[in-house]
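> Please build the complete structure, drawing on both the sequences and the hints.
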Amino acid sequence: MKRSKPRLAVFKFASCDGCQLTLLDCEDELLAVAGQVDIAYFPEASRAMAPGPYDLALVEGSITTPHDAERILQVRRRARVLVTIGACATAGGIQALRNFADVAEYARAVYPRPEYLETLAWSTPVSSHVPVDLELRGCPIDKGQLLEVISAYLAGRRPNLRRTSVCTECKARGTTCLLVAGGVPCLGPVTQAGCGALCPSYDRGCYGCFGPAESPNPPALAGRLAELGRGPDEVERLFRTFNAWAEAFRGGGRPA
Amino acid sequence: MTRARRIKVDMLARVEGEGGLTVRLKDGRVRELRLDIFEPPRFFEGFLRGRHFREVPDITARICGICPVAYQMSSCHALEAAAGVRVTGPLRDLRRLLYCGEWIESHALHVFLLHAPDFLGYDDAIGMAADHGAVVQKGLRLKKLGNAIVAKLGGREIHPINVCVGGFYRVPRRQELVAFVPELEWAREAAYRTVRWAAGLDFPDFSRDTEFVALRHPDEYPMNEGRLVSSRGLDIDVAEFEAHVVEEQVPYSNALHAAIRGRGAYACGPLARYNLNFDRLSPGARAAAAEAGLPVPCTNPFMSIVVRGVELLCAVEEALRLIAAYTEPDAPRVEVPVPEGTGHGCTEAPRGILYHRYRVGPDGLVREARIVPPTAQNQRSIEEDLLELVPRVADLPLEEATLRCEQAIRNYDPCISCATHFLRLRLERE
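First to last, the protein sequences are chains A and B. Each residue of the first sequence is one higher than the one before, counting from 1 in our numbering. Each residue of the second sequence is one higher than the one before, counting from 257 in our numbering.
Keep in mind that the hints were calculated from the coordinates and are not lab data. Worth double-checking, as some hints may not be accurate.
Said to hold, decoys possible - Below, computed lysine-lysine pairings styled on BS3-like, alpha-carbon distance capped at 30 Å:
1) A/K143 with A/K5
2) B/K394 with B/K408
3) B/K408 with A/K143
4) A/K143 with B/K394
Values in this document were obtained by computation on a predicted structure and should not be read as measured data.
So this is what it looks like as structure tokens:
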């Protein structure tokens with residue numbers, strides 16, 4: 001007996017499109033994935049847009065407009081399993097920098113007719129609006145992790161995602177610690193693994209794409225950076241970039 | 257007899273970002289035409305202020321997941337211009353190679369996965385793969401190669417981490433690049449065949465007289481550097497961009513669109529580059545275009561799929577040339593002092609010219625940023641194409657007319673995610 005294939009949907013909110021592009025970047029696996037699931041709604045890739053309900057919904061982007069705050073409720077109602085993908089959807093993204101500023105002033109700086117815009121003062125993660133079944137971190141997400149989530153879903157098991165810090169990945173690949181050996185500012189000790197410690201392998205400090213690791217200690221790291229002569233403004237900016245609104249990073253290195 | 261019709265696309269598919277189209281027709285005449293952008297604004301130019309200039313390329317990359325390299329390149333060039341620093345030699349070549357990777361990846365994505373389904377009558381490339389498996393497989397393999405080049409030089413395909421003001425954090429060893437040669441040799445043949453294949457597609461007889469704008473460089477097909485030139489005599493330094501490009505209000509909407517001062521709409525992107533730089537294409541690309549019978553200039557935007565094929569081949573040949581000539585530089589980057597003052601940068605994103613301007617204070621913090629992405633510049637051209645096209649397709653069955661309009665928009669490979677942060681568009685929802 002043939003079972004009908006699970007229906008996959010990809011939704012976008014405020015974002016750069018990069019995380020959903022990661023699915024199209026699975027060049028070797030894309031057609032195989034398409035054979036296992038029914039891609040019911042994925043406007044970036046297809047004109048065919050089938051109505052819900054969907055078995056698995058991948059949601060990219062943060063909530064920044066009144067319209068989107070409504071739309072995410074509808075998406076949740078139509079999705080059996082909802083997975084948020086990327087720093088925008090899981091933490092509000094780079095656009096959450098507005099949360100520390102006056103959005104009306106931003107609008108005036110960028111748009112000559114700001115009154116035409118419909119925007120919220122906050123950029124918030126999807127989980128601030130609806131229950132989320134799984135969060136996939138990263139700016140952008142990692143291709144391997146995305147395939148792991150889809151495979152795990154298809155196999156009916158829990159995905160194997162590491163919640164340790166980037167430091168463990170540096171140790172695993174044998175990269176010399178930039179922070180200890182070179183005094184380079186690095187968010188590795190407080191950032192969740194998943195990228196394979198990419199930046200340190202290219203001789204630069206981690207800038208926190210994957211958001212806070214489990215039980216991070218940002219004040220301890222901020223203290224060390226201060227000892228290395230980094231000013232408080234620089235330390236604050238380091239924490240407040242792509243996952244600025246993640247709870248552990250929100251304080252800019254100060255206790256949350 | 258009066259006939260009122262309405263073409264409505266609630267959600268444009270196979271474009272990057274979210275937009276829609278509304279056309280109202282009465283008696284075969286367009287009463288209203290609106291490209292709606294409901295992609296929410298993200299205010300990059302707002303929050304770039306107060307950030308350190310060295311953070312800028314990492315931040316602007318996040319404007320677009322499809323062409324992050326373009327944002328990084330325009331940012332770096334603008335900030336280096338403000339500092340009076342020029343990046344030359346192998347570092348310059350590596351940047352060009354990185355850009356080749358992005359062009360290959362982005363053009364392969366658009367040609368095979370986003371645009372081809374329009375010509376062959378499918379909703380998407382996955383449906384197309386059932387009947388045209390070899391074509392889709394070839395597109396994916398080309399795309400994978402482009403991504404692999406970006407990942408080698410940039411650390412990863414989307415939002416590369418290895419680009420900085422002044423150059424790179426780490427540069428590749430020669431043998432790391434030479435390893436790409438066999439696949440690039442395959443790609444040269446594949447891209448050549450792509451041009452032939454694309455030229456054999458069915459094109460509507462359509463052409464519109466417009467001003468084409470692109471960079472032009474003394475001896476190479478433009479990517480990172482050049483003067484801004486146009487098919488109607490514009491020839492300026494990129495620093496003069498804002499003196500020549502204005503944003504005008506158009507009668508049928510409250511949108512302000514980029515236009516050349518005193519002249520009007522213009523188009524940038526593959527067609528513009530090809531028309532203005534045919535003589536700078538790599539020899540193989542030039543020959544392939546000629547063999548395929550592609551005219552110069554090419555003024556049919558539907559044929560942009562062929563021109564993207566030609567540029568795909570050009571980028572592959574350039575990559576081969578750059579790798580053959582590569583010698584490892586002594587240092588991964590040039591030291592760039594605080595670029596106090598104002599700097600301008602303009603590079604050729606896959607979709608067209610991407611202009612950046614920054615003003616930086618003595619503390620190295622950005623005071624002001626301005627970014628004009630290609631889709632914001634092409635938006636008016638897209639609408640003008642539609643204004644001409646719609647009356648001609650008005651008598652077709654609605655589904656067919658709608659599809660033709662969508663295809664006309666996809667001719668520009670629009671990236672609405674990029675454009676939104678800057679489009680001066682009124683949000684109207686029905």
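> Next, verify each hint and record whether it holds.
We went through each hint and held it up to the structure:
1. In summary, the hint linking A/K143 to A/K5 is supported, as the alpha carbons are separated by about 22 Å, within the 30 Å threshold.
2. For the given pair, B/K394 sits about 21 Å from B/K408 by alpha-carbon distance, which is consistent with the 30 Å threshold.
3. For the given pair, B/K408 sits about 16 Å from A/K143 by alpha-carbon distance, which is consistent with the 30 Å threshold.
4. Note on A/K143 and B/K394: the hinted pairing holds, with a Cα-Cα distance of about 21 Å set against a maximum of 30 Å.
Comparing the model with each numbered hint stated earlier shows that all of them hold.
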